[in-house]
Amino acid sequence: MSDSTINSGNVIVFVIAGLVVISLLFGFIVFFLISYRQKKKDFVLMQLQKNEIESQKKTVEKTLEELASAQNQLIQSEKMASLGVLIAGISHELQNPLNFVNNFSEINKELIEEAISRLQNKEYEAVVELLQDILDNDARIHSHGKRADSIIKGMLNHSRNNPGEKTLTDINALAEEFLRLSYHGYRARDKQFNSILDVKLDPTIEKIPTIPQDLSRVFLNLFTNACYAVNEKKLNSEPGFKPKITLETINHPNTIEIHIQDNGNGIPEAIISKIFQPFFTTKPTGQGTGLGLSLSYDIIKNTHGGEISVTSKMNEGTTFTIILNKK
Amino acid sequence: MLVDFPHGFYYLSLLGSSFISIFLYRNVDKPFQWLIILMLVTSISEIIAKYLAFELFESNNIVYHFFTPLEFSIYCIIYYFFIRTTKYNTYFILLSASLIIFEIINTIFFQSFSVSNTNTLIIESVFLVTLSLLLFYQLKEEPLYDNLLHEGVFWFNSAILIYYCFNILVWGFHNLRVYELTNPPKLMYDINLILSGFLYLIFLFSICLGYKKFQLHLTNRYV
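If you read the sequences in order, they're chains A and B. With our numbering, letter number 261 in the first sequence gets 261, and the count goes up by one each step, no holes. Just so we're on the same page, our numbering is the position in the second sequence counted from 1, plus 1000.
For the record, the hints were derived by calculation from the structure and aren't laboratory data. One or more hints might be untrue.
[Claimed, not checked] Among chain A residues calculated to face chain B with C-beta under 7 Å, some are:
id, residue
1, F14
2, L19
3, V21
4, L25
5, G27
6, I29
7, K39
8, K40
9, F43
Built from N, CA and C at the ideal position, the CB exists for glycine as well.
Could you build the full structure based on these sequences and the hints that come with them?
Written out as structure tokens, the structure is:
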């Protein structure tokens, strides 16, 4: 074959190959343009959806912020409500010794006046007796003064500890103290209220590390709820009903078990699983924030690593059980 | 002298486009500025190859041995600005460096200064087709433009894809000599020259679109 034949043959191959390549490339570019337009449409749609989601996200975040703020306010009101019960309880606890102090000081005043009168009549034996009575009364005044002092010191001890710091706590003493504070606090609000307080404390229980301020809030909530439950039943039942609140502590090798029992109306089965949820309350509007049990649950479960549970029977009562680890 | 239509069309397109684009240099974005630089470098190298190389050296092929890596490096810079993502930075540098190294090895062992550096031209074309496809992929992944036909980047990239695919064909025929040609068909080179001419005209067109967009951007900014 001559060069010219090869040459013309190759020109044809080259031209065909070139045309095929260029056609394919044009086809690719046209296809790219079409798919780009579709992608652009999807992209714009996606951007719109993204903007919509962003906007909704901002709304939800704002709502969440508002909810958090409302929750904080509710927690504050719950604290204030607890404080009210606490103050009423403390006032009652202080009222007793103060009454003694006032009464005996009044009696002493009268005795001193009588002693002066007898002295003027030179009845020395009677004066000696009167002075002995004054001395006895003074001892009583001193004793009740010390009792008031110890109540205040006890309260100060609870409040002085650094928040969140665990200290060795006498669970029996703390639970009993707050049972009485809650009871008297409740009585201060409702003079008709009365209940039997049955306290069964296990004397073998040793001091365990807890955050007493937090634990006292739990006791305050549970005892106040117990008072509310028995009072409600008393108001709506026959006259023979005797309200009773029981505090029982049991010592186990590694744990301490605390039972707080009332013989109130009980909690319906349908709602018992919800009672530890925040803002859940069966009390009338304004009487409960629905945070008491939720905060108690948080304190026992998360702060102390313990357990809190509830059992209830309709018309028979409710028992809250707290289990605290000793270490 | 300009003897035939393909050569005339090619030189006129290249020199004319380069000359016009100089006036647009200050009013276009970075990738188009580098495209103008590329066109100027190409013009200078073509002038040297056409008028000075034969006076100074035995062949003008020596000019292309230096020009090809330089041209590819500038293309890498342009693609770097167009692709606008830092994840490919290393690849641009690697591609550019590997072509320079390949050119040195090719010159020493395979195609000396007196011979056309078709091996390097084929490799450069393959790299550029790859970069072009990468830019198309990037454009589709982030479809920021409303109408691609109004975008300089689309016309630039389409021109690169078509021209360098064709280049692989041309230099493949020339280089491989699959039919053991003593004289490759002149038509092949004529078509290549015409396509080169169109390439620079499309470059100018995309620079003009870039200029238009730049002006629009300035107007929007100050309105």
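Enumerated hints in conflict with the structure, sorted upward: Violated hints: 2, 5; rest satisfied.
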